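In case you want the letters, here they are:
Protein chains: 2
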Amino acid sequence: MRDVLPAEVELRDQATATILEVYRRYGFRRVETPALESIRLLARSESGENEKLIFRVLKRGERLDLASARGLDDLVDLGLRFDLTVPLARYYAHNHGDLPQPLKAVQIGPVWRAERPQKGRFRQFTQCDIDILGVASPVAEVELILATLDALLALGIERPRLRLNDRRLLAALARRCGFPEAAHGSVFIALDKLDKIGLDAVCAEIRQVGHDPAAVDRLAALLAELTAAPASLEKAAAALASELPAAVVEGLASILSTVTGEAAGRYEAVFDPALVRGMGYYTGPIFEVAHGDYGVSIAGGGRYDRMIGNLLGRDVPACGFSIGFERIVDILGRRPEAGGARRKRVAFVFDESADPRQIVAEAGRLRATGDIVSLEVRRRNFRQQLADLARWGYDWYVVFPVEGGGSPQPRPIEARTDG
Amino acid sequence: MRDVLPAEVELRDQATATILEVYRRYGFRRVETPALESIRLLARSESGENEKLIFRVLKRGERLDLASARGLDDLVDLGLRFDLTVPLARYYAHNHGDLPQPLKAVQIGPVWRAERPQKGRFRQFTQCDIDILGVASPVAEVELILATLDALLALGIERPRLRLNDRRLLAALARRCGFPEAAHGSVFIALDKLDKIGLDAVCAEIRQVGHDPAAVDRLAALLAELTAAPASLEKAAAALASELPAAVVEGLASILSTVTGEAAGRYEAVFDPALVRGMGYYTGPIFEVAHGDYGVSIAGGGRYDRMIGNLLGRDVPACGFSIGFERIVDILGRRPEAGGARRKRVAFVFDESADPRQIVAEAGRLRATGDIVSLEVRRRNFRQQLADLARWGYDWYVVFPVEGGGSPQPRPIEARTDG
Numbered sequence: 001m002r003d004v005l006p007a008e009v010e011l012r013d014q015a016t017a018t019i020l021e022v023y024r025r026y027g028f029r030r031v032e033t034p035a036l037e038s039i040r041l042l043a044r045s046e047s048g049e050n051e052k053l054i055f056r057v058l059k060r061g062e063r064l065d066l067a068s069a070r071g072l073d074d075l076v077d078l079g080l081r082f083d084l085t086v087p088l089a090r091y092y093a094h095n096h097g098d099l100p101q102p103l104k105a106v107q108i109g110p111v112w113r114a115e116r117p118q119k120g121r122f123r124q125f126t127q128c129d130i131d132i133l134g135v136a137s138p139v140a141e142v143e144l145i146l147a148t149l150d151a152l153l154a155l156g157i158e159r160p161r162l163r164l165n166d167r168r169l170l171a172a173l174a175r176r177c178g179f180p181e182a183a184h185g186s187v188f189i190a191l192d193k194l195d196k197i198g199l200d201a202v203c204a205e206i207r208q209v210g211h212d213p214a215a216v217d218r219l220a221a222l223l224a225e226l227t228a229a230p231a232s233l234e235k236a237a238a239a240l241a242s243e244l245p246a247a248v249v250e251g252l253a254s255i256l257s258t259v260t261g262e263a264a265g266r267y268e269a270v271f272d273p274a275l276v277r278g279m280g281y282y283t284g285p286i287f288e289v290a291h292g293d294y295g296v297s298i299a300g301g302g303r304y305d306r307m308i309g310n311l312l313g314r315d316v317p318a319c320g321f322s323i324g325f326e327r328i329v330d331i332l333g334r335r336p337e338a339g340g341a342r343r344k345r346v347a348f349v350f351d352e353s354a355d356p357r358q359i360v361a362e363a364g365r366l367r368a369t370g371d372i373v374s375l376e377v378r379r380r381n382f383r384q385q386l387a388d389l390a391r392w393g394y395d396w397y398v399v400f401p402v403e404g405g406g407s408p409q410p411r412p413i414e415a416r417t418d419g
Numbered sequence: 001m002r003d004v005l006p007a008e009v010e011l012r013d014q015a016t017a018t019i020l021e022v023y024r025r026y027g028f029r030r031v032e033t034p035a036l037e038s039i040r041l042l043a044r045s046e047s048g049e050n051e052k053l054i055f056r057v058l059k060r061g062e063r064l065d066l067a068s069a070r071g072l073d074d075l076v077d078l079g080l081r082f083d084l085t086v087p088l089a090r091y092y093a094h095n096h097g098d099l100p101q102p103l104k105a106v107q108i109g110p111v112w113r114a115e116r117p118q119k120g121r122f123r124q125f126t127q128c129d130i131d132i133l134g135v136a137s138p139v140a141e142v143e144l145i146l147a148t149l150d151a152l153l154a155l156g157i158e159r160p161r162l163r164l165n166d167r168r169l170l171a172a173l174a175r176r177c178g179f180p181e182a183a184h185g186s187v188f189i190a191l192d193k194l195d196k197i198g199l200d201a202v203c204a205e206i207r208q209v210g211h212d213p214a215a216v217d218r219l220a221a222l223l224a225e226l227t228a229a230p231a232s233l234e235k236a237a238a239a240l241a242s243e244l245p246a247a248v249v250e251g252l253a254s255i256l257s258t259v260t261g262e263a264a265g266r267y268e269a270v271f272d273p274a275l276v277r278g279m280g281y282y283t284g285p286i287f288e289v290a291h292g293d294y295g296v297s298i299a300g301g302g303r304y305d306r307m308i309g310n311l312l313g314r315d316v317p318a319c320g321f322s323i324g325f326e327r328i329v330d331i332l333g334r335r336p337e338a339g340g341a342r343r344k345r346v347a348f349v350f351d352e353s354a355d356p357r358q359i360v361a362e363a364g365r366l367r368a369t370g371d372i373v374s375l376e377v378r379r380r381n382f383r384q385q386l387a388d389l390a391r392w393g394y395d396w397y398v399v400f401p402v403e404g405g406g407s408p409q410p411r412p413i414e415a416r417t418d419g
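Sequence lines, in order, name chains A and B. According to my numbering, the first sequence holds residues 1 to 419 in order. According to my numbering, the second sequence holds residues 1 to 419 in order.
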């Protein structure tokens, strides 16, 4: 975990405001769930690796009985959420009578994972998700994708590149090559690395698991054919026709053509028969966004029609798209600060002989126009103080008492070029 | 803990944005600390009752050894923060080399207390603090007070009423009556209830503790004199002259006259010699804001010049003001929704025969103007669907495909008056 310094907080706040403004125009409404959830909910959520990374919270008061505890279950009742999807499913199950139907939810907030900290990854980080609960039509995917691409463009992320696939198409591909249902998981885990390690290494990995070599050979040939440029949904649909329901292809085609129709050169949207996405809970279309040569995806999502059923007792169609907020902040933070309509930042520097009522009244007048004004006690080394003020973003100053009396005129602070 | 439904999230988001905008104009910058802090920091922070209310987090991996643990200390290394002041002191001690000097910080975020939930209180709630670290001059108090009153006014809280006192004046009062230093704590705890139980009951409580009855009688007489309308700093200063340093009075007088000079009928600011404030760490001026007949204060703060020294090894003058964010949301949430410049919310209702590309293109046009547009699959019971849309805040709708083709014209949804 880490502290966030003021300049980065401002960048994060701006990014949050930009994203929320776009999502609101699409009719998404922000919901908030508590940071702590029942440990039972978190541990039974079938979220794979994440469940090992839960920060567990001790019971309190009389309910905590250290002496007679036989294991963790007796000591712990709560955990910090590790994502926003499991809490959203619980939230929907608890509150659906008080929520719009369908629910178009946006969530932005911290999650916690007890990972070994690595470069650029922290144990507390922000996730930013939109989800549509209660819509089976592909219009849900279209809204999620267009809203996310619009948000990325509004953030200044140029030409985001969307890849689209469907879990049912991947399953058809695996079946077609002769992999039994039980093998699909390990095949997809290997296939997920195609971008990084290439087709040969992927196939080697699948062979190593012990799957039928003939099936692996068929997979290699079919993937080579389907991913050869230009990859197209029509080609994949034709090759997998016997395994793939027509409705799956129609849904994908509708999403792709609608999203492409809005692109106008601002973004790309392509079908990618090898896109996997890691999470096991996806049931339909899946999608991911890349940006330039940034090595990892900056957004990802898909349809998960069965997760809410586990909590609510009846299935609710659901679909979500998550922006990698920390990655976006990383990308934006490397850019030179945008000039544009920056506000005037004025330091009112005063000593004890100044009349505080005059200073405060003048500050009030400037603040009313939207300027930033800070009152600063004059230091002995005034030159150094001006240099420090420049360093912290002040570009104007006024000295009180005003020389010769009268109305104060802000003067520019010459920014020193340190180092 | 609790879920927050969309309408309340929007109210909270608006309140947050309003507060931050005002504080920014005063030169405060937002900082963020992690939710989890070291349990040692939290437990040694001299924060009284709050330390008993910490959510404790279990160690992880190999470091968690249940079998050989002899007590909580062996099991726990982290805790959820219970306020924003202790983390800010830690943040300043860790990062002061990278922070503006003085630091004008605004924090807004969740804190956690393992309290027995009561009406209107939750175990996760939001605090909203501004603090100035590194300024000994009363200009810090003036900035904090004016910024907070401006923020409350911007939120629509009419005529907030500020009360101002000083811990050193309270100490002088107690000394003057003959209470030894060691008795001050229990005297102040009783005095803190003056508003609620009256002077007689306060004095009875102090007598019951076992303090010198003659001192209690002197306190009763002196308090009656000093709080008799009109209470004035001058009267108190004259009565306590022998016990009270002149600088304390001058500081209070300067704060009061500067703050009063800006009031212009928008707020009240008065000296209150009986104001105590609960926290033990205050060292100088203290202040609190009341609103109308709302029974509890809506903001409070004061100077705490010694807290950072405990962490940093050298004292840093510090002063803070906290808005009771949950109370503000409570007050604002009871008001009828303000009309004003609400955005158009348009539902695009469509069936399978509609062209999704046309719908999406039309939606994009409206969204570009700032309108909110949501695509909604047409339900069988269309009349009920319109009623539901009205319930969730939509006031216009368009049906696709558009009858007779051509450009769609939004029609108003007649809001049903349910119940």
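Simulated from the structure, these hints should not be mistaken for laboratory data. Some hints could be false.
Since the list can't tell identical chains apart, any single copy or any two copies may satisfy a pair.
[To be verified] Derived DMTMM-like pairs (lysine to aspartate or glutamate); straight-line CA-CA distance at most 20 Å:
1) 52 x 65
2) 52 x 62
3) 59 x 49
4) 235 x 250
These numbers were taken from a predicted model, which means no experiment stands behind them.
Evaluated hints:
1. Within a single copy, residue 52 and residue 65 get their C-alpha atoms only as close as 24 Å, which misses the 20 Å cut-off; across copies the closest is 16 Å, which meets it.
2. With identical chains, the CA atoms of residue 52 and residue 62 are at most 20 Å apart between copies only, with a shortest distance of 13 Å across copies and 27 Å within one.
3. Taking the shortest alpha-carbon separations for residue 59 and residue 49, only the inter-copy value of 18 Å comes in at or below 20 Å, while the best intra-copy value is 24 Å.
4. When the C-alpha separation of residue 235 and residue 250 is checked against a cutoff of 20 Å, the pair qualifies only within one copy, where the shortest distance is 14 Å, while the shortest distance between copies is 84 Å.
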